[in-house]
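Produce the entire structure from the sequences given, and follow the hints as far as they go.
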Amino acid sequence: MDDHADAVWERQLEDLFLRIGHRFGRADLRRRARDYIRGLLAPVGRKNGWQLAEFAGHRTPDGLQRLLNRANWNADEVRNDLQSYVAEHLGEDDGVLVIDDTGFVKKGATSAGVQRQYSGTAGRTENCQIGVFAAYASATGRALVDRELYLPKSWTDDRDRCRAAKVPDERGFATKGELARRLVLRALASELPIAWVTADAAYGQEGRFRRLLEQSGLGYVLAVPKSQQVFGPRIDHLFGQAPDEAWEPISCGQGAKGPRLYHWAALELPTVTEFDYQGQAPVRRRWALARRSIRKPEKIAYFLAYSPLDTPVKDLVRVAGMRWQIEECFQAAKNECGLDQYEVRRYTAWYRHITLTMLAHSYLAVMTANAAAKGAAETVPAPWFRSPWQKSAGSWRFVSSRTIGQGGRFAHTC
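For what it's worth, my numbering labels the leading residue of the sequence shown as 15, then goes sequentially.
Hints are supplied without guarantee of correctness; some may be wrong.
[As the list claims (entries may be wrong)] Pairs of lysine to any residue residues, derived as SDA-like cross-links and limited to a Cα-Cα distance of at most 25 Å, are as follows: (1) K167 to H103; (2) K313 to K388; (3) K388 to L55; (4) K190 to Q242; (5) K240 to T135; (6) K120 to T170; (7) K167 to T135; (8) K190 to A123; (9) K121 to D174; (10) K190 to S265; (11) K120 to K180; (12) K180 to A85; (13) K180 to K190; (14) K328 to R299; (15) K121 to A153; (16) K271 to E312; (17) K310 to E341; (18) K167 to V358; (19) K121 to T189; (20) K121 to K167.
[Claimed, not checked] What follows is a set of in silico ranges between Cβ atoms, one per label pair, in the way DEER data are often shown: (21) D108 to S307: 24 to 30 Å; (22) P207 to R73: 41 to 47 Å; (23) D29 to A136: 35 to 41 Å; (24) D250 to E350: 35 to 41 Å; (25) P284 to K388: 44 to 50 Å; (26) A56 to G254: 51 to 57 Å; (27) E350 to E68: 14 to 20 Å; (28) K310 to P247: 20 to 26 Å.
No lab work stands behind these hints, which were simulated from the structure alone. Only a predicted model underlies this, so the values are computations on that prediction, with no experimental measurement involved. Even for Gly, the Cβ is constructed at its ideal location relative to N, Cα and C.
Listed below in structure tokens is the structure:
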């Protein structure tokens with residue numbers, strides 16, 4: 015970077031420190047928090063206590079360890095500041111909240127929540143901790159904005175073990191779906207402008223999770239397993255009846271190698287009076303979507319969607335494609351900010367490290383968005399197409415993008 019760019023980055027970082035500084039009651043805590051975040055942002059080989067302390071010029075890691083383990087500050091309050099920061103710099107009216115979990119492989123049995131359990135990150139059963147996360151994604155950028163540590167029953171049923179790891183007595187067992195609902199409710203209470211929620215099938219298959227989103231007035235596009243029942247039939251059986259014309263190539267966003275192009279089909283579902291109407295008028299629609307690989311057509315993923323009445327299917331596809339944003343957040347936060355490189359065992363220390371790491375990652379996300387905005391005029395958005403396939407008057411009908419005109423939609427009965 016040149017001197018001007020260095021100055022801009024430094025000024026923005028100082029602004030972030032000023033935003034959170036009041037959360038640390040003493041000057042020495044504020045200095046340690048700054049040192050910790052600067053270390054997370056620095057090219058440190060492994061972002062553990064010793065190496066972060068060495069980068070900060072400390073003789074030992076004791077001060078930084080005290081910041082995580084015993085100092086008097088509240089990580090949830092810093093999380094609130096983080097959400098305000100992301101809302102200010104990355105917020106858009108059509109923002110998407112993305113829910114997913116990630117694993118942290120750990121040795122031993124004393125770190126809060128650790129046990130042998132399946133980790134999607136590792137793709138197998140490992141001795142690990144699992145964190146459930148929320149990311150905020152918009153056209154401007156993306157960043158992690160909330161987190162919850164999953165505690166298996168082997169932990170919550172053993173209160174002595176919990177107390178040894180400083181797990182609060184009031185923290186009982188909660189499924190990952192319940193933790194996800196907490197993340198959604200907190201996001202709704204924050205300054206983040208959210209219109210949509212998306213998640214993988216582990217969360218999408220939970221009816222209680224979908225009901226919460228509907229009751230909150232949020233749109234969603236949630237992956238579901240092929241066995242998901244949709245008003246009776248399995249979702250894969252419904253799309254097994256789809257005619258060839260119902261499938262159209264649509265990009266669900268840019269990937270590392272260009273547009274992520276799939277064949278998509280959409281089926282409009284019956285409305286539910288309790289959630290989908292205002293008075294006598296419907297204001298929401300329900301959809302089932304299927305995404306089929308072009309190269310391997312036997313590979314099909316399924317989704318349930320809930321949207322405002324006038325939402326085109328192209329927008330549902332766009333939201334479905336946003337789910338990958340949290341994977342990119344995990345990768346960046348781990349590779350660049352040390353999200354998974356902590357060496358803490360206590361429950362509170364986990365939340366503190368993760369929160370400060372998310373803050374460092376959000377700073378990088380904002381600076382990246384600011385840099386991208388300077389060249390925004392050179393970018394051209396990818397085209398979108400509408401591809402609804404709906405049931406009407408007892409027969410299946412699909413509408414192709416090739417047959418949509420300004421005067422109406424031409425339907426082909428199958």
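Here is how each hint holds up against the structure:
no., hint, in the structure
1, K167 to H103, "violated (39 Å)"
2, K313 to K388, "violated (39 Å)"
3, K388 to L55, "holds (23 Å)"
4, K190 to Q242, "holds (19 Å)"
5, K240 to T135, "holds (22 Å)"
6, K120 to T170, "holds (19 Å)"
7, K167 to T135, "holds (21 Å)"
8, K190 to A123, "holds (21 Å)"
9, K121 to D174, "holds (20 Å)"
10, K190 to S265, "violated (30 Å)"
11, K120 to K180, "holds (18 Å)"
12, K180 to A85, "holds (14 Å)"
13, K180 to K190, "holds (21 Å)"
14, K328 to R299, "holds (14 Å)"
15, K121 to A153, "violated (39 Å)"
16, K271 to E312, "holds (22 Å)"
17, K310 to E341, "holds (23 Å)"
18, K167 to V358, "holds (21 Å)"
19, K121 to T189, "holds (23 Å)"
20, K121 to K167, "holds (19 Å)"
21, D108 to S307: 24 to 30 Å, "holds (27 Å)"
22, P207 to R73: 41 to 47 Å, "holds (46 Å)"
23, D29 to A136: 35 to 41 Å, "holds (37 Å)"
24, D250 to E350: 35 to 41 Å, "holds (39 Å)"
25, P284 to K388: 44 to 50 Å, "holds (48 Å)"
26, A56 to G254: 51 to 57 Å, "holds (54 Å)"
27, E350 to E68: 14 to 20 Å, "holds (19 Å)"
28, K310 to P247: 20 to 26 Å, "holds (24 Å)"
When the structure is compared with the earlier hints, violations turn up for hints 1, 2, 10, 15 and for no others.
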